[in-house]
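K.L.:
Construct the entire structure; sequences and hints are all you get.
Each chain, written out:
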Amino acid sequence: MASDVAHAHDVHAHEEHHEHHDTFITKYIFSTDHKMIAKQFLITGILWAFVGGLLSILFRLKLGFPDMDYSWLKPLLGKWVAIQDNGTGQLDPEFYLAMVTMHGTIMVFFVLTAGLSGTFSNFLIPLQIGARDMASGFLNMLSYWFFFASSMIMLASFFLDGGPAAGGWVVYPPLSALPQALKGSGSGMTYWLVAMTLFIVSSLLGGINYITTVINLRTKGMTFSRLPLTIWAFFITAIIGLLSFPVLFSAALLLVFDRSLGTSFYLSDIFINGQALDHTGGSAILFQHLFWFLGHPEVYIVLLPALGITSEIIATNARKPIFGYKAMIGSILGIAILSFIVWAHHMFVTGMDPFLGSIFMFLTLIIAVPSAVKAFNYITTLWRGNIRYTPAMLFSIGLVSLFISGGVTGIILGNNALDIYLHDTYYVVAHFHLVMGSASFFGMVAGIYHWFPKMFGRMMDEKLGYIHFWMTFIGVYLVFFPMHFIGIAGFPRRYYEFSAYAAFRDEVYLNLNSFISIAAAVTFGAQLIFGFNFFYSIFRGKRATQNPWNSNALEWTSPINAGHGNWEGQIPFVYRWAYDYSKPNCEKDGFTDFIPQNVPYSMTPHSNLPHENEMIELEKEEMIPHDTTLETLSLLAKK
Amino acid sequence: MNSLIITLIVVLVLAVFLIIFRISNLASILRSKGKDNEEIDTTANNINAYLFLLLPLLGTIAAFWYASKHATLWGQPDAVQHGAAYDSLSKIAHIVVILMFLVTNAALFYFTFKYRHKKDNKATFYPDNLKLEIVWTIVPAVILTVLVFAGWKLWRDVTKEAPSNAMLIEVMGKQFNWIARYSGADNKLGGFNFRYTDDINEMGLDFTDKNVNDDFQATELHLVKGKPVRLQIRARDVLHSVSFPHFRQKMDAVPGQPTKMWFIPTKTTEEMREELRKNPEYLKPDPNTTKGKPEDVKARWETFDYELVCQEICGRGHFSMRMRVIVHDEDDYKKWLAAQKPFVETNKEYVAKKIEAITKTKAGKVSMEDSKKVSKTN
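Residue numbers (the numbering used here), protein chains in the order written: chain V, 1 to 639; chain R, 1001 to 1378.
Everything labelled a hint here was simulated from the structure, so no lab data went into it.
Glycine included, every Cβ here is placed at the ideal spot set by N, Cα and C.
Do not take every clue at face value.
Unchecked claim - Covered, in the sense of this in silico footprint (three residues per stretch, anywhere, with C-beta under 8 Å from a C-beta of chain V), are these stretches of chain R:
| # | region |
| --- | --- |
| 1 | 1131-1144 |
| 2 | 1185-1191 |
| 3 | 1196-1210 |
| 4 | 1239-1249 |
| 5 | 1264-1270 |
| 6 | 1292-1298 |
| 7 | 1327-1338 |
P.N.:
Spelled out as structure tokens, the structure:
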């Protein structure tokens, strides 16, 4: 054991030596430090979020104000705005579809997968489990740069002659396979496929690293039953990603073959542009099965990290242990397993066997149970707490509300009989934007506010954070709640305008659509406040203290601006779970209302629970003699 | 009007910027006082807590008020036999989920408000409770099971085999319109082959199939009140989706994989218009008719039509890929039917030429295969 500690010192000294030689390139660009890579993911993700958001505002203008003159956007959109004879500008219907498609792709993959998982898994896994870095810093670096390359290719596709991919973010063939069916299915789709392939590589490299790190590099005492829920969420998310992304890759690969090599995996019996194609025997539905085999778990890849982050933030700021720690882990596992066997609920009306539809309805509605358990546990965590509203806490509470509000409509949509009418309407748009889009976005923003001091050593402005939260929270509800009404009226998704149908022509619908668009624009405006606050605070924010939120988790024991390696000297050992907040009698042990994870039970005799007292013997024998961090700790406790 | 709204948006956004500017100023002044951050700012904390209590309450009231104000507008009127069952299941399920939504959100926001930070307060250490966990695992599970079985019953009714007396019609989607093919007196659809498709024979009919002879095509869907209709659905180029909001039915159209649906319309178009006339929401003008002369303005009930809505993204014209659906009573339908002529009759010359071509290529294929066999044996 002693040699272990000595070894840790060696490693540290070794790394210290290296750091003096860091150049700009090795520190900020090709960095192998997980903290820097996390920041790279974060900033790329934020930039993408603004692009994705702006796209939604551009197409919402068309939906909210169908007769609007687009000519003022000509400088931005170029040839995609056609000037009519009367001088007014019309948005090109195919570019409308392209914007819808890119909004979905960017938000789901680049913002809520890379921006959320990439940032916080990278940043928090080593810091919260007590590791010096990821298992492979090099693979981690590659993971970011594959993502960056993917980003650049996706961005470049906007400037292609035929525009970017336009067949919806689900890119169902044959539409996405045939350039003669849609301009965006030409080189735009090729770029999309190449970008997504690189993205999958990035995801897999990241995922392997997260899993390996969590399994192998936990500090002494950090058992799985002591892991913070953030790490549980990231860990399971990485496993889901590792199992499902390869399926998307195979789906994409077969689509590439169909597009370029003349195979017929998805194509059959097609007559288009006056020509019968040679493809026979393929199944367009096969693609949907493959796509949603990733696509549905993807929902949880996006959502679970946000829920993990929320668990941590709610417990910390309610000053209470998370309620039902084991049930939370159980529900994460339940959701993860079930997420692989519900995919066909996206396909109830594709003509699949009605019996199969029934099976998938049953499985789908089972997944509502662990989700409900999570929501109830969050609410109980708040019960009899002593809640402090940091911006992070506000966004976490907002997340729980959005998760519930969007989640309950899943019960309607998962019911295949009811789904017949609602499938592909705005009801679905409202549902997933609340439960997956907004909820995950809130989790990401909450995480940024909460861990900003750890990332940059400075605080973000709280008042701006409050304004940002209230505008966003109100805005999100004003945008997506009315969409349920529009959806119940049967409005289809991905429509450029609705005036062709008598059923959708009513001034109330028109007004509601205008209202949604205005609310969306204002909500987007509120994000500029966040952008300002974020970049301003990096350089000018108030300097952070070491543990600004009085949190138990291990990351706050590392220095304020930790170098590569995270801790100077020995990595702290872990003696307890991360949720000892407001433990009875803890003040008798010299603690205010929280006992960090690196405090041994032997230092807190008054507040220990009976089964924790039993641990004292073990920790005295096995751990305390080797723990060099305890001296400073006991000094702190006395203070 | 539009420019006014846009100006409003711009003004709002600018106002947001102004607020940023002022607040960051104020914040920096506060910061310069060098106050210790250990103290929690109770005022700000309380403001947030009260907002959590008030705003969701106001929002919920506003949403319910608005929803009930236009209660007769939201769902499309139903005109199908399973419509009442669908609508009542939808209603029950919505009442259940709205209750869940209200109760859980109310608990969330009330606790958030009630347990806001107070000086000298201490949170209760309450890490778990097995009984509670079991209760709120089982209660949602039971509620869901009930809903699942109700939905399952309806799903089976809607997706079971069509009755044998059902009228058979084929609907084909292509970029960007729908074509219906009626099976004629024999109620049998003739075969097709996508390779036979051209500008005239848009559905690729196989004229060597005798069943084709009485099939006729139309770009409108004509149905009979009270008579089951079975639709055979296909797509010629990319995915489309046949959606009938008023008949509570939807099914994708897939190239190479025909799909099907059936339903029983219960109200003729005329009857539905008369019914809607009693609904104040449908007395309002149709926005499409208000741009011309005042005498052209029509009420929504007057312009009402059953419609086939394309509900799967299919390209540039997706948003306008509509087919009008007319439900007749028996007599009206017969009148319409009498005016329809089979495709084979109206395109005699074309059909004769095609039959010749088809038989030739078939014969050609046979002889080629024969010659192959011969060369092999050699």
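K.L.:
Do three or more residues from the region 1292-1298 of chain R put their C-beta atoms closer than 8 Å to C-beta atoms of chain V?
P.N.:
violated (count 0)
K.L.:
Test coverage of the region 1239-1249 of chain R by chain V using CB-CB distances below 8 Å; three residues minimum.
P.N.:
holds (count 7)
K.L.:
Are 3 or more residues of the region 1185-1191 of chain R near chain V, judged by a Cβ distance of less than 8 Å?
P.N.:
violated (count 0)
K.L.:
Go check the region 1131-1144 of chain R versus chain V for me, would you? Three or more residues, Cβ under 8 Å, otherwise it fails.
P.N.:
holds (count 7)
K.L.:
How about the region 1327-1338 of chain R: do at least three of its residues have a C-beta closer than 8 Å to a C-beta of chain V?
P.N.:
Three-residue rule not met by the region 1327-1338 of chain R, so violated; n is 0.
K.L.:
Can you confirm whether chain V covers the region 1264-1270 of chain R, using C-beta to C-beta distances below 8 Å and requiring at least three such residues?
P.N.:
Result for this restraint: violated, n = 0.
K.L.:
Taking 8 Å as the C-beta cutoff, is the stated coverage of the region 1196-1210 of chain R by chain V satisfied by three or more residues?
P.N.:
holds (count 4)
Taken one by one, the earlier hints fail for this structure at numbers 2, 5, 6 and 7, listed in ascending order.
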